[in-house]
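**Student:** In the working numbering, the protein residues as written are 45 to 204.
By construction, these hints were calculated from the structure, which means they are not laboratory data.
Be careful, since some hints might not be right.
Unchecked claim - Computed Cβ-Cβ distance ranges for the label pairs, DEER-style:
| # | residue 1 | residue 2 | range |
| --- | --- | --- | --- |
| 1 | Gln58 | Gly134 | 35 to 43 Å |
| 2 | Gly150 | Glu113 | 27 to 35 Å |
| 3 | Ala168 | Ser64 | 27 to 35 Å |
| 4 | Lys61 | Ser117 | 18 to 26 Å |
| 5 | Gly151 | Ala54 | 33 to 41 Å |
| 6 | Leu79 | Asp188 | 14 to 22 Å |
| 7 | Glu113 | Ala57 | 25 to 33 Å |
| 8 | Asp95 | Arg122 | 19 to 27 Å |
| 9 | Gly112 | Glu171 | 30 to 38 Å |
Glycine included, every Cβ here is placed at the ideal spot set by N, Cα and C.
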Amino acid sequence: ALHRPEDDAADAAQAAKLVSERLWQPLRAQDARLLDRGGGPRRCCVEARLDDWMRVGDLLAGTGAYLGERIVSADAVRQVLSRQQASSQGDEPFLARDGTAFDLGGGARLWLAPRRALVMLVWADGEVALDTLLPNIVLRGLNDVSPAIGGDISDLVPGH
45 ALHRPEDDAA
55 DAAQAAKLVS
65 ERLWQPLRAQ
75 DARLLDRGGG
85 PRRCCVEARL
95 DDWMRVGDLL
105 AGTGAYLGER
115 IVSADAVRQV
125 LSRQQASSQG
135 DEPFLARDGT
145 AFDLGGGARL
155 WLAPRRALVM
165 LVWADGEVAL
175 DTLLPNIVLR
185 GLNDVSPAIG
195 GDISDLVPGH
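With the hints as extra help, turn the sequences into a complete structure.
**Tutor:** Written out as structure tokens, the structure is:
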């Protein structure tokens with residue numbers, strides 16, 4: 045079937061409205077833009093603030109819930125995460141067995157370790173955001189030291 049440019053514009057407006065109403069507004073996120081990357085998949089690309097990407101990461105790590113509110117189904121989150129591969133650079137793979145990463149462009153990458161309810165945003169020059177070093181340091185720290193339930197933060201981090 046042939047698609048007229050005005051059909052594409054209408055589809056884009058409908059997609060933007062859907063993302064805004066069903067995802068962005070419930071996340072209390074700032075304005076974002078759906079971009080057409082010419083020749084790319086129709087689901088590409090969203091330009092948004094980094095703190096809003098953290099909200100999306102929290103939503104995914106929370107299996108579709110954000111701040112106690114169900115925004116998307118757990119099945120939809122599992123489907124998104126199952127499609128995503130954590131391609132990485134560096135000396136070792138990403139340590140989170142259930143981990144994945146999303147390239148956000150501009151040197152930013154969102155790393156997820158859902159079983160840990162951990163979301164990490166690395167924003168760096170060049171390919172550094174793709175390196176597993178920083179997320180793996182955080183994961184090793186969680187594995188090495190675990191505070192006592194009800195314990196004081198100064199037991200874990202001296203001087204705090």
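**Student:** So the hint says 14 to 22 Å: do the beta-carbon atoms of Leu79 and Asp188 match that?
**Tutor:** 41 Å, violated
**Student:** Could you say whether the range 18 to 26 Å given as a hint is met by the Cβ separation of Lys61 and Ser117?
**Tutor:** 20 Å, holds
**Student:** Does the Cβ pair Gly151, Ala54 satisfy 33 to 41 Å?
**Tutor:** 34 Å, holds
**Student:** Is 25 to 33 Å a correct range for the gap between the Cβ atoms of Glu113 and Ala57?
**Tutor:** With Cβ atoms ~26 Å apart, the hint holds.
**Student:** Is the gap between the beta carbons of Gly112 and Glu171 within 30 to 38 Å?
**Tutor:** Cβ of Gly112 to Cβ of Glu171: about 37 Å, so the range 30 to 38 Å holds.
**Student:** In this structure, is the beta-carbon distance linking Ala168 and Ser64 contained in 27 to 35 Å?
**Tutor:** 30 Å, holds
**Student:** Taking 35 to 43 Å as the stated bounds, is the beta-carbon spacing between Gln58 and Gly134 within them?
**Tutor:** 41 Å, holds
**Student:** Does the Cβ pair Asp95, Arg122 satisfy 19 to 27 Å?
**Tutor:** 25 Å, holds
**Student:** That 27 to 35 Å hint for Gly150 and Glu113 (C-beta), does it hold up?
**Tutor:** 29 Å, holds
In the structure shown, a violation is registered for the earlier hint numbered 6 alone.
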